[in-house]
Structure formats: structure tokens, C-alpha cells
Amino acid sequence: MPLSYTIAVIAIPLIMFLFLGLSGVKMGKKTTGIIGVIAMLITTILAYGVALTYFFGSSEGQIVDGVRKAVTVFNPDWLTFSDTLVVRMGIMLDPIAAMMLIVITTVSLMVHLYSLGYMCDHHGNAEKGFQRYYAFLALFTFSMLGLVVATNLFQIFIFFEMVGVSSYLLIGFYYTTPAANHANKKAFIVTRLADLFFLIGILILSFYTQTFDFFSNNVNGIIGMLDDPQASLAQAGTTTFMGCSAMAWALTFIFIGGAGKSAMYPLHIWLPDAMEGPTPVSALIHAATMVVAGVFLVARLFPMYVLVQGTMDIICVVGAFTAFYAAAIACVQSDIKRALAFSTISQIAFMMTSLAVSSADGQLIEIHGGYGLGFMASMFHLFTHAMFKALLFLCAGAIIHAVHSNENDKMHGLHKYMPITSIAFLIGCLAIAGIPPFAGFWSKDEILVAAYEKGIGWGIWMTMVAGMTAFYMFRIYFLIFHWKKHEVHTEHEPADQPWTMTLPLIILAAISIVAGFVPAAKLVTWDGTPLHTQLNWTIAGTSVLIACIGIGLAYKMYYKENDLPERMANSCRGLWTAAYKRFYMDELYQFITHKVIFQGICKPIAKFDRAIIDGFFNMLAEVTNRTSFGIRKMQSGSIQGYVYFYLIGVLLLAVITMACVLL
Amino acid sequence: MESLGNIIMYFVIALAIIVFSVLTVTTRKILRSATYLLFTLFATAALYFQLDYAFLGAVQIAVYAGGIVVLFVFSILLTQKPGEDAAPLSSHRKWLGIITAVAGVAVCGCAVFSYAQFCGQLMPDMAAPSIENIGKFLLSTDKLGYLLPFEAVSVLLLACIIGGVVIARRR
Amino acid sequence: MDYSQFLMMPQEIGLLIVFLLVFIYDTFMPARAQRFLPIFTTILFAIYTAFSFIPCQMGELFGGMMETNPATWVMKCILNIGVFIVFLQAIKWTNEDFVSVRRGEFYELILLTLFGMFLMISSRHFLLFVIGLETASLPIAALTAFEKRHYESHEAAAKYIFTAIFSSAIFMLGISFVYGMSGSLYFNDIANALSLISSKSILLFVAVAFVIAGVGFKLSLVPFHQWTADVYQGAPTAVTSYLSVISKGAAAFAFLIILVQVFGSAYHQVWEWMLYAIIILTITIGNLFAIRQHNLKRFLAFSSISQAGYIMLGVIAASTVGMASMIYYILVYIFSNLAAFGVIAAIERQTGKVTMDDYNGLFKTNPWMAFTMMLAMFSLGGIPPFAGFFSKFFIFVGAASTGSVAIYVLVFIALVNTIISLYYYLLVVKAMFIRQDECAIPYIDSHWTEELGMTISVMGIIAVGIASNVYTFMSQISDSVIHIFHLI
Amino acid sequence: MNLTLLMYLIPSLIMFGCGVYGFLTRKNMIAIMISLELMLNSIDINFVVFNRYLFPGQMEGMFFTLFAIAIAAAETALALAIIINVFRIAKDVDINKINKLKF
Amino acid sequence: MEIFNNILIYFVIVPLLTILGLAFCSNRGIGAVRAVAVAGATVLMALAGYLVYLFLQARGAGDTSEMILCSEVTWYAPLNIKLALGVDGVSVVMILLSAFIVFAGVFASWKMDPLPKQFFLWFFLLSTGVFGFFISIDLFTMFMFYEVALIPMYLLIGVWGSGNKNYSAMKLTLMLMGGSAFLMLGIIGIYFHSSADGQWTMNILEIAKNDAIPHSWQMWLFPLTFIGFGVLGAMFPFHTWSPDGHASAPTAVSMLHAGVLMKLGGYGCFRIAIYLMPFAANELGWIFLTLTGISIVYGAFSACVQTDLKYINAYSSVSHCGMVLFAVLMFNTTAMTGAVLQMLSHGLMTALFFALIGMIYGRTHTRDIRDMGGLMHIMPYLGVGYVLAGLASLGLPGLSGFVAEMTIFVGSYMHTDIFHRVLTIAATCSIVITAVYILRVVAKLLFGDVQNEHHRELTDASWEERLSTATLIIAVAIIGCFPNFFVNIISDSFLPIVGALENAAHAAGVM
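In the order they appear, the protein sequences are chains A, B, C, D and E. The numbering used here numbers the first residue of the first sequence as 137 and each following residue consecutively. The numbering used here numbers the first residue of the second sequence as 20 and each following residue consecutively. The numbering used here numbers the first residue of the third sequence as 832 and each following residue consecutively. The numbering used here numbers the first residue of the fourth sequence as -5 and each following residue consecutively. The numbering used here numbers the first residue of the fifth sequence as 56 and each following residue consecutively.
Hints should not be assumed to be uniformly reliable.
To be verified - With a straight-line Cα cutoff of 20 angstroms, these simulated EDC-like cross-link-like pairs (lysine to aspartate or glutamate) come out:
#1 D:K94 <-> C:E983
#2 B:K48 <-> D:D86
#3 C:K1195 <-> E:D168
#4 B:K155 <-> D:D88
#5 D:K85 <-> C:E983
#6 B:K162 <-> D:D86
#7 B:K155 <-> C:D833
#8 C:K979 <-> D:D86
#9 D:K91 <-> C:E983
#10 B:K100 <-> D:D88
#11 D:K96 <-> C:D1188
#12 B:K162 <-> C:D1020
#13 B:K113 <-> D:D88
#14 D:K96 <-> C:D1020
#15 A:K264 <-> E:D504
#16 A:K743 <-> E:D363
#17 A:K264 <-> E:D515
#18 B:K162 <-> C:D833
#19 A:K552 <-> A:E629
#20 A:K739 <-> E:D363
Please keep in mind that the hints were generated in silico from the structure rather than gathered at the bench.
Same shape as in the complex, but just chain A (with noise of 0.2 angstroms):
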């Protein structure tokens, strides 16, 4: 298949979302559905194609000396900025984006089908703004994929941008429920506010190196400007701004860019509370794709992040903390979508972990073929992660939709009523704790070799984590589906849902059992060159070791009803209640936006604004007023007054004159 059917891949999507937006309402509403998801579909096998033929095919002459090249197959000029500085929109095809593209479209095809039974009530009936729904995935899906094939660094800003606003509709798409208004708002403010930094990366980093482009077939890219010393982008390393390189203020600005949109410590306070939206795009969005988008960018830029060692230092530390901070918050939450994003905050920061750890050119580089570990697994966790996340949160989403709520003391027990759920989930904690064969063990072994390849400490550190991983996922499983016996809260009992949204859990379960054996280090690796990895069993074998005792700690505490949960709680009350209440970030944020911006900004400027700037010229026209007042008695009425004022004028204007023009 040419690889120029990516265009098609591309622009389904968006044709998708112009008519099911535009003329979505006149059709019904399963008919919108069934349309999407036929579009989906052929977007998907699509996808398929030109991935494989990328990756499999040679036809084409992509592999140069056995490294597989970037292949740009479409790129006409957007924006021109100036002769040099053009924004193209392009579609370039290399590893990572290959693979994002078969992720994207898996997930997104998975969701569009869950969706048509998700997105109705019990008795069938497709709620309001189902047309929305899908004209709105097909938005995100178009998003998505440009994301990834973006040929220059300005497209990934543009799809950014393109991505929140998706996230945005999508999450608000319950707009009359507060919480979903409200969740919306944040979490688009709070990716902006990344996306700033981005711009601003953007900006420093196009100033030296007077393109956007990656690879760019008459001048060199960014990146292929980093073979060249004599590329202006070397000035931009030995500029420096307050100690800093330019670059390494660039990188670090773009990074945090990527930071919002994947949710990383601090700016990760959006991603839980946008659990409001509905719960496949929470698999779609929120777990699969674009939360992974910044762990793309770091990857797509990843050969000059190596080069500035501080920055991968920043990102290494953000990303160990975060995985850390949101596995503990997950450990404790109630609401099994927020308890599944805190999990997966952390696993995504895991792979901005794993990126960042890659540039540590240690002795085992020798030994597992390079620097590039780290990117590789960090790719490759990020493609197991998508599916057995996806997983996770469409299984969560079937079992809201049979209790009809997210907190899981509404649930408990669930397991005689939702076999194939709860196999699916089950399937998903496994890969998700690391548990060989299932995909996340494979994955996640590589990003531990990274980290250890890092630093003993840091090793230790993330299989710690990846413990905590196994431990609070189980909690979650057995909290649904075992614990006690279910209450029936509804008027009917939950069950496995119509086949709509069993099969795609069925589909991802089989990806989730199978995708760790995907020869990712031979296809996904940063300079296009096959690693040669293999299994490090120490480092394996403790994490599998440290996974089980996560597993068996979940099971003594929460397979059965009992009350050691709650004792040990009671013995840690406040840091319980400081990791329920997610370590009061929230409460920190609100009190900078409401109390110090809000109250302390916003306001004294409006009313400054009020007060002084609009004051002073409504004070020009009531000092002109009173002036107007005071000098009326002038015009006394009286004619000697007249006369008086007459020739005291012709004496002062004789004597002034006189005096101006003599002396």
C-alpha cells in the first residue's frame, strides 16, 4: 500500500467530522453512529496498511544502510511566515509516527464502536448529541493523527491545539452537569498554559534555527540541522539566557508543552477531573492518545534533547516524581476513573521517565545497542500502555454503565455479573502490573533497564513504582469485583454489556495479551537503527517479584470485606487524606487562579481600569465641568464688571506683551 494513503487516513476523519457536524442532526442518530464508525474502520485498516508497509515494506526505498528513514510524503506550505520560516502541513512517517498511527486508529476505532452502545441508554435509545459525540470524536481522531505525522514542530503545536479543543468538547460533553463545565474549562486552561511554553520553545528555537521543519528536503530540519556544526542552531547552544543555553531554555520550554498535555507533575491536575467526560473518551483521550502527546513531542525532538544533558535531567526528575506521587494517589481513590487516570499519570510518566533516562551513555550501552533504550521502550510502553489502558477504561466504562455510578462502593462483587469484564479488566491490571506475557511486563522491563542503565537509584525508584503499579490496580479489581456481594442499587441488576462494547474489550484484551511480543526495539528506536535487546532477567525478575507482592498485598487487603483498609487508613489518617485529596494540588491551583490571579490580578486591574485610566478622563471632563462652574461668576451681569474686566485685559495683554517681548 503507497504510503501517500496516509492522506486518506488523515482527511476521513476530518471529512467525517465536517458532516457529521454539519449534518449530523438532520440524520438519525444510529445512523450518524454506524457511519462513524464505517469511516473509523476504513481509516483504521488504512492505517494498518501504510504502517506496515512502512515498517515491512522496502519497496520504497525508506531504508537507507539498514536505518529505516523518515519518509515525508505530503507537504505543502500553510502559513509562510518568511521566506524561510513556513508552517507546512505534511505528513511524515517514521517509527514513532508509524506506530502512533496504528495506536490512534486501534484505540479510536475500539471507542467509536464501544461508543454506539455506550452512548445509549438501557433501553437503546442514543442519548442527546450522539451526532455531536461522533462528529467530535472524529475531530479528535483527525487531530490525533496529524499530531503524529506532523512534519514540523509548529503542526505538532497546531494539532496540539487541535487535540485540547477536542479534549475540550469532548470532555464537556455533559455541559449542563457543573462538574463536566467545569472540568472542561480546567483542563484546557491548564494545557494552554503548557502549550504556552511550548510556543514560547517554538519561538527561541526557530529563531536560531530559522525552521520549523524536522527534516526538510532542501535546507536541513531542525533536526538534521544537528549533524551540521556550522547550522545556526550551534549558535543557539552557546547563546545563553541567565546561565542557560538558548537550547536548553527551548527544549526545557517545549517539554513543559508536552508536560501539560501528558499530564505531568505539576500541570497533571486537569487529567482526573476530566474523567467527567464520557468514559470511552476517557479511553480515547484521556488514557490512549493525547495524553500521550507530550511524551511524543519529547520523542519527536528526542535527538536534541539528548544533547542537552540539564533538560533530560528536569524531565527525568519530573517523570520519576510524578510516576511516584500519582501512583500514591491512585492507591487510595474511590472513583475508578479517576483511580485508572492518577494510574495513568503515572505510567505516562513513566515513558517521559524512560525518554529522559535515555541519554545516560553508561557502559551497558554497549551491551543493549545504544542510547536509544529508553526511547524505544518508552515507545514501546506507550503503545502497550494505549491498549491495555484503553482497555481498562472501556471495561470501566461498561461497568458504569451497568451501576450507574463511578464510586466503587457502588459496585463490589461484580464479577458473577460481568464475566467477560472482569476478565478483560483483570487481563488489563495483569498487563498493567507487569506480569509476563502480558504486554506492560515486556515494556516496562525495558524502561526499568533504561533507568537502572541511568542510575542504580533510579532503577530502584521506578520498579518501586511499577510495585505500587500492580498494587493499586488490584485494589481497584478486587474492589469492583469481589470485596463483598453487589447491592443492586438500580432497578435492574448490571451485566455484561450488548456486543458493542464487549467486543471491543474482547479485541483489546487479545492486543493486551499479545502486544509485548511486537518486535518494538527492532522497529521503534529514535535514529531509525533495529536495537538488539534482550530480556535482563535480574532487573525482570525482580519486578515481577516486586509486582506479585503489590498483587498479594491488594488481595489480603481488599478480596475479601474486611476492615485492614480502613485500619491502616486510620493509622496513617493524614497522609490517607492527603493522598485522597490528591495532596491538595487542587486546592493549591485554586487558590493561585482564584486568590492570587482572580482576586489579586484580575481585579485590581479592572478596577484600576475603572478607578485610574477611565477616572483621569472622566476627571478631564469634570475638572473641565467645574472649571466651567467655578469661572461662571465671570460673567457677572454687570457692565462695569464688563468694562473692568475689559481694561484690566488690554493692560495685562499690553504689560505682558511689553514685558515678554522687551526683557
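Assemble chains B, C, D and E onto chain A, guided by the hints.
Using the frame of chain A, we list chains B, C, D and E on its own:
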């Protein structure tokens, strides 16, 4: 060097002008004010005579003294009840008036003084202001002829007459 | 004795002929024919105005005592147009019961004062100028006292006559000083003589100040302006409109001639600074007082004070551009102000209402009146595309053509003042268009002559700006009298 | 001793000053008019004196005075007419009473 | 006359004819008034389209002259004032923008009451001024049309406005007139230094070619001119007319005012202030740059706390228009192109905003966002429109705001001076604040629960409202999706200006 008679005459006239002017504006009886004005005008006429402008002096007496002052007296009698004095001035008003008047005189005086201090005597070669000359110039259309103003002032007087009619009409 | 020189002043002579005919009509026609006196006069005047446009032989008359040149000619034509509009607007009013007895005098006095103004414009001799000035101002007192029923009319007349005489005394004192220094009353001779005198002569400053005061009084420049508001308010509206535009226009032109031709030779800097201060004061104080006025006539009085300040910008430039702009400004000002007074007169005649609050909601009841008034206000405020904008722009250009920074500052102050002036002009517009009133002035059935007057004014407001020929013509005119500026 | 120009101008100026003072202080309108006459008269003296002393070769100052007298007469006549008119309405010639139009 | 062969003059004649036509309409029937207004607006739109075509054709044919379609007719010969017409790319797109907004504005004021005839009369007089301004290249006529455009605002707001309209109308008029007072002085000053040999001219091209304004004069004529236009461009601290004025203005007037009239300010700033006085622009640019930088952030912050929809948009306009001036002062083609894009973008989306606000207000009779909520549910068309406008405003790619802002930021950051770049970064912060206030409004107004039960009975947009908003939305999207079309038209127009600036900087450096 002037003749002594001229000098004495000058001082008499100057004194009369100054004294009667002051009296004109300070007396509280309005009819007396008009009388003092008459004296001032006479003194002025005398001054014209002294400066050899006999015709002008005559006109001054005829028009001013004979016409205008009579007009004043008529108006005063029309508007004033007999024996009514003006109320004494408030000192505030008086001083304001004095200061302004003095300031005005001072400014003009300084200016005139700075200009005229070097101008000495009468120059002898005076164009004789004889009636003949005056008549000739008054009706001449050439330079220094005053036919046009003569006609124009007649229009002015006509206008004032019509204006007077307008004002005087009852309705 | 060359009496044929009288033929070289056809406009003045024509005016006197009109006057005589009116006078004869007034005196000798039977009472029932008196009703047609206004229309007779107006038609007669229209014919005269039309003829006055015919250029005549121009040059110095009476040994340089008087001069007719294209500038004076065009100025007189402009005044004629203005007076014609005033006559049109006054026809209905003069046939009212209370006025009809004196209507003949009204027209006669107006014609005679106009004659005085012509003398002011054309004279090149101070005696003739004084006579012209007095002819132009004394009968106005009688006109002001025209509205016998109203006490205000008498008070205004008294105020006017006293300040006028005082002012003329000051003026003549100034002339006496000038005479003392130069030994002549002919403008050209004075200019020549003064050029020999040290420019530091104190007497000269005093003399110039007094002369400025004397003419400034007629122009109602601050601080010689205070009679203006009272007289405008007290006088009958027809007289007010006459006073505010015609008298002011003539005085402004005469002012320019005196300053440029007499004192311009050596003492430009002397009067320039005086005028500088006067302009600032005039514009600012006129505006500040106008803000608070509710009586429209009084309001327009202060507005006209401030307008006089703008007119003076053309004088201070003392250049052909300035002169052209000034004449142009006067023309535009005549149209604008007469449009406003036309509306005020028509409304006052029928309802007796003259305050701004009375005009609330006027647009609903009398759209065309309101429209006319609005155009007048916009034109006075200098809003394009109405003529006032052009005249204001050109007068600023004229002033700035001197190029000195101080004049730029002056222009800036004037510009800032246009904002204030716009404020109060808009107040009138607001009253008419925006404010609503239950008891708004009912529909005014205005007489066709009034309508004709307003129409001419409105057409003037619209056309004079767009049709650039007018300004071009003025420019040519002032270029043709360039010799008076060369004296500077 | 010579009779200089200044010696004639000073009485004239004093007369003018008196006129100004009278104008500014008198309450009776006719008295004010009388003060104005003083002012006008002093100007006439100025013209004559300047003519006589400085420019005796011609008679411009004299003629100005001649006409100024006529003008003054006209002014006075008109002013008195108005004063009497005001008196007829207000029954008073106090100038302080005629200040209804103001501000 | 030969000038009537020039298509440009018809941009003034058509509105004038429309005014004439309206004047002959009966006062009673609104049908004829509407017909004439729509006809006028449509013809203008067609003319604008044709003009774009002509422009592209000329440029395509290799006509690289600075202005095309130039023609002039002497007006005031003594002062060398001409009615000089000519357009470059910027004028062309501004004319197009104006035509769009006039078109949309006519439909937005479809149900104008009372006095529809008079409303449209003033409305078209305003647009006459706007078009006249853009087609002129003579200082005098530009200034004249500028003022023609300003004054109808007073009556439009005063008569048809709402709220504290008297105060607002007066304040707006006086402040803008204050600006034009500065401007007039500046123009007069330029005029008297327009040529070294005393052949004074008002023609911009000639003045620029003569380049004769002495530096010392530039140093104070530039601020005068810039402030003069800056007042209309809502530059801090001269922006305070904007919130009150917009809040009180009727819908179509707000549209036209924010949409087009405020652009006159930005347009004038570079066409007159910067182009004619490049030396002073280089010297003093930083002062105004700081002010405009403040505008951007300040306006955005102020908008965050407003509760009146129109106030929010007015402050948002302050921020966005600040960006226009900010970019203009960056003195490079990219940023200036961005400025024009921003003018287009802001013009369209603000017009859209005001149209929608007017429509919402017409239904709910309140503009206070605290009194409204959940309107998306009730009037989905308007809601979607509002969201789109909001997204355009906060810079969503695919809509015009993004293109404009990014061009500005990238262009501004190209500046070699570190001060300019730091300011640029400060200015970029506005994109977050913009998001905050836009989303705040959207959340409060459209989403959430219905606050007022009476609102449930309200209807969605009628056809003319749909037409009005759809026109604008499509325009916003077209700019957003195909920016290069516009960039190509615009960017060459700045070469002379940037060239003049560089020459001036170079000359100053040499001396």
C-alpha cells in the same frame, strides 16, 4: 521759549481740566456732574484755542457744550427726582475704581512719557487751520481729503437717528 | 475733485440705494402696503446681492483712504449672502404684531450697519474705519432693543451701548497713540512711518493692545467678550443671528487688514503674541462657558466667541493661506450659524421656546428642523463631510503655515478645544435626537421664507466643503492681495 | 520754560483716567455716560496735541477730532435714548439693577 | 471624469447611493429599507470580491508597484490636496473585511427598532467613511473619511444603544475626537514638511518618496500621529472608550465599530505614522511597544473579571487590538503581516461575537453572564456560533485567530533586539488569559444549568441571524484554513514600509 501769558494760560487750562474732570466723577449730585462736565469741555475748547485750532474750539463749544451737555441735562431731569443724591460709594468699589484707573493712566503715561519726553516745542511751520483750508480739505477727494468720511459720518448720524426712532417708539 | 471715485465702490453705493428705496417705501407707501415691505426689501436685496457679485474696477480711492480689491469684494459678497439669509429668516418675524410697526427700521438699520461694515472692510484710513465701526455698532444697540415687550432686550441694549462706547474710546485712544507715533491715519503711511520707529517702543505696545481691544470687542474676543452673551440672549433672534455672523465676519476681516497692513510691517511679533494669548483665552473661555448654557441663543453666543478664536487663527498666520482660510471660515461659519439661528428663530417665533430642554425629542416632531440644526452643529463642530470640517482644517493649516513651533502649540490647544466644543454641540444633537420628551415642541409650520433661508444655509453647509472651487477661489483672491502681506 | 507735548498729554490722560474711574464706580447710568464723555474728550485732546506738536504740516489729528465730536454726539444721543428707555421700563437708572442676564 | 473609471471610487459612491436610496424610503415600511440596505451591502461585497480579483490579476501580471489602481483628481488645488485613490494588499483585504462586516451587520440589524431607516442611513454613512479611508492615499481625504466614520457612532449609540448610552456615546465620541485632534496636528505637521522644496503634498506615496520630514519634527509628529490612531486602536491607556462604547452600542454598530473602525487605527499607524516617519518610529517605537504590550496583557486580565458580555468583548478587543499595534511596531514584514491578519481575524470574530451577543441580548434582555446559563441547550445555533467565535478568539488552529496570533508572535520574535523578544514572550502570555476568560464565559453562559426558567421558551436564531453569523463564521474559517492566500496578498505591501524603516535605521546608524 513761550510767552509768559501762554504759560499762565496753559496752567489755568490744565488745572481746570484736571480739577473739573475729577469733580465730574466724584460729585454725588448728578446735575453738578453734568455741570462740571460742561466746564471741562469749555476748558478743552480753551485748550484748542490755545493751540490755534480755533474752528475746532468753536465746534467743541457748539456741539459738546451746546448740544451734548444739554442732552445730558434733559435726561437727568427726566430720570431724576429733584434733590436725590447718589448714595456714597462703598470703599471697596471706590478703591477698585481708583486702582484700575491709576493703573490705566500709569501704563499709558509711561508709554507716552517714554515716547514724548524728547519731543520738545511747538513747531512753527504749521499748516494754517483756517476755515478755508478746513473747508477745502473737508470736501476734497484727494489724499488728506475728507469727503468720504464726511459722507460716511452723515450715514452714521442717519443711522443713529433711525436707531433713536426705534428706541423712542412706544411700542 | 473726482467724484467719479464713488463709482468705484458700487457695493456700498448699491447698498445705499437699496436703503434709500426701502426708506422711501417705508415712509411713503400706504399702511396696507407696509405688509409687503419685508418681502420687498428681501427681493431688492437679493437683486442687489446678485449684482454685487459683478466684479468692478478695483483700486485705491480717495487718495488711499479706501481700497477695493478682490478680497474686500468677495468679503462683501459673502456678507451680502449672509444678510440675505438673515432677511429671509426675518420676514415672518417682522410681520408679527409686536414688531410690524418698526419693521421698516429693522431693515434700514441692518442695511446701514452693513454699510458700516463695508466701510470697515474697505477703509484704509483710521478715521473712515472708526466711522465704519461706529456705523456698524451703534445702530445695533437700537436693533437689540427691538423686542420692546421683553425687558431682556432693553438690558441687552444698555449693556451693548455702554461697552461699545467704552470700547470705541479705548480704540480711539489707541489710534491717537498710533497717530502720535506715525503722524498719519492712512494705513500705508502708518506702516511706513512705524517701520522707522524702534520696535521696542512701549507706546506701540499700548497702542497695539488698544487697537486690538477695540476691534476685538466687535469680534467678541476674550477678554473683550462679555457683552456678547447677554446681548445675544436679549436681542431678537434675527438680530442675534445678524450680530453673530455678519458683524463678526466683517470685523474679522478688518482685523486682519489692520494688523497685517498697519502693524504687520515691523511689529508682527508684537501683536502676534497678543493675539496668541487672546486666541487661547477666547477659544478656551468661550468653550468653558458654552458647556453650561441652556438657553440656545446664549449657548450660540459662547460658541460664537470660541469660533471667533478659530477665525483669529487665520489672522495670526498673516499669510495668504491664512487669509484665504479665514475668509472661507467666515463663509462657512455664516452658513452654519445661520442654519442654527434659522431653526431657533422659527421655533422661538411660534412657541417662544429657546432652551435646550425644550428641544428634547425635536426629531420626532420636526425631523427637518432637527436635521438642519444637527447639520449646523456638526458643521460648527468641524465634522466632515460638512463644510465646518474643511474650514477648520484649512484654518489650522493656515495657522501652521507660519511653521513656528509656538503656533503648532496654539493649534494643538485649539484642537483640544474642538473636543470640548464638540461636546456641547453634541448636547444639542442629543437633546433633539436622543432625549425623549412627552411634551416636545409640536410640529412647526414654518414659513416658506424661513425654509428657504434654512435650505440655503444647509446647502451651503454641504456644498461649500465638497465643492473645492470655493476655497480655490478664496485662495486666488488672497493671492491677488499678496502685497499687503509683503509688508511684513 | 517750554510748554512741551507731555505737558498737554498729562491733563488729557488724567481726564481719561477720571473717565475710567467714573465709569467703573458710578451707579447712575447717566453719570457713566458723562464719564464716557470725559474719555472721548481726552482722546480728542490727544489727537489735537499730537497734531499740533508733532505733525503740524497737516491736519489729520484735527479732522479726526472734528469727526470724533460728531461721533461722540451720535453715541451720546443713542445711549441716552436707551437709558431713558430702560428707565421707562425699570423705573431706575441704577446700573446695578440691570444685571438679569448673566452667567 | 476619469476618476469614475476607477473601481475604488465606487466603494464610496455605493454607500452614498444607498444612503440616498434610504432617504427616499418611506418611514413606515421596513421592507423597502431592508431591500435597499441589503442591496447596498451586497453590491459592496461583490465589489470587494471583484477588487480582490483585480488585485490578484494585477499582481499576477507582474505589477509590482506599491499601490495599484491609482488615480487622483485634484480637489483643493491651493493646498495640493487631491482625492488620491490606490490600494495595496492591505487595503484590499481591509476592504474585503469591511464589506463582509457591513453585509453581516445589515442582517444583524434586520429587526432594528425604532427608526430603521435612520439607523441604516447612519450605518451606511459610517461605512462610507470606512471604505473611503481604506481607498485613500491622501492624508487629507484619509483623515476626512476617518472622521466621517467616527461621528455617526454618536447617534447610532445614542439613539439605538442601550444602558448608559448617553454617557458612553459622548465618551466614545469625545475620546476618539481627541485622538483625531492629535492626528490632525500630526497631519498638518507632516504636510508642512512633506517636501524639501516647498512643494507640499498630502499624498502618502509622495511624502514617503520625498522622505523630507526632518528628524526633529518626526520625533514629535510621530507620537502625535501614532497616539491619534492609537486611540482608535484602543491602545492603553486610551482604550477606556471601548468598554463603555461597545457595551452601549447596538449590535450592528458594535460589529462595525469593533470589526472595522478600530482597524482604522492600526491601519493608520503603519500607513501614516510609521511609513512616513521611519526615523522616529525607530527611535520611539519602544515606548509604544511597551504600551501596546501592556494593552495586550492588561486587556486580557481585565476581561477576566467582567460579567457583562459586551464588556468582556470590549476588553478582549483591547487585548487583540493591542496585538495589532504591537505587531506593527515590530517593523518586520512577518509581524506586520500578522498585524493585518489579526485585524482581519479580530474584525470578523469580534463582529461575530457582537452579533451573537446582540442576538442573545435580544432574547434574554440581559447581558450579565451571572443571569444566564445553559443557553446552548435552548439556542444551539447561537451557542455553537458563540463557541466558535470564542475558539477563534482564543486561537484555535483552523480559525483565523490562531493564524494571526502566530504570525504576530513569530514575526515579533524575529526581532533581533532582546527587549523586543522579551516583550513578545510577555505578550504571548495573553493566549492563556484569553482562554481563561473565553472559557469562563462559554461555561457560564452556554453550559451548565439554565439559570432563568423563562429562558427555556426562547427561540433559536432566525434566518437572517443565521445568515449574518454564518457569513462571518465562514470568513473566519476561510482565513484560518487558507491563511497563505491572505498572507500572499498582504505581505508584499509591507516591503516599502519595512524598507523605509531600514533605510532610516541605516541612515541613523551612519550618522
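Against the structure, the hints come out as follows:
no.: 1; hint: D:K94 <-> C:E983; verdict: holds (8 angstroms)
no.: 2; hint: B:K48 <-> D:D86; verdict: holds (16 angstroms)
no.: 3; hint: C:K1195 <-> E:D168; verdict: holds (14 angstroms)
no.: 4; hint: B:K155 <-> D:D88; verdict: violated (46 angstroms)
no.: 5; hint: D:K85 <-> C:E983; verdict: holds (15 angstroms)
no.: 6; hint: B:K162 <-> D:D86; verdict: violated (49 angstroms)
no.: 7; hint: B:K155 <-> C:D833; verdict: holds (14 angstroms)
no.: 8; hint: C:K979 <-> D:D86; verdict: holds (17 angstroms)
no.: 9; hint: D:K91 <-> C:E983; verdict: holds (12 angstroms)
no.: 10; hint: B:K100 <-> D:D88; verdict: holds (13 angstroms)
no.: 11; hint: D:K96 <-> C:D1188; verdict: holds (19 angstroms)
no.: 12; hint: B:K162 <-> C:D1020; verdict: holds (11 angstroms)
no.: 13; hint: B:K113 <-> D:D88; verdict: holds (16 angstroms)
no.: 14; hint: D:K96 <-> C:D1020; verdict: violated (43 angstroms)
no.: 15; hint: A:K264 <-> E:D504; verdict: holds (16 angstroms)
no.: 16; hint: A:K743 <-> E:D363; verdict: holds (15 angstroms)
no.: 17; hint: A:K264 <-> E:D515; verdict: holds (17 angstroms)
no.: 18; hint: B:K162 <-> C:D833; verdict: holds (12 angstroms)
no.: 19; hint: A:K552 <-> A:E629; verdict: holds (11 angstroms)
no.: 20; hint: A:K739 <-> E:D363; verdict: holds (14 angstroms)
Checked against the numbered hints given earlier, the structure breaks hints 4, 6 and 14 and satisfies all the rest.
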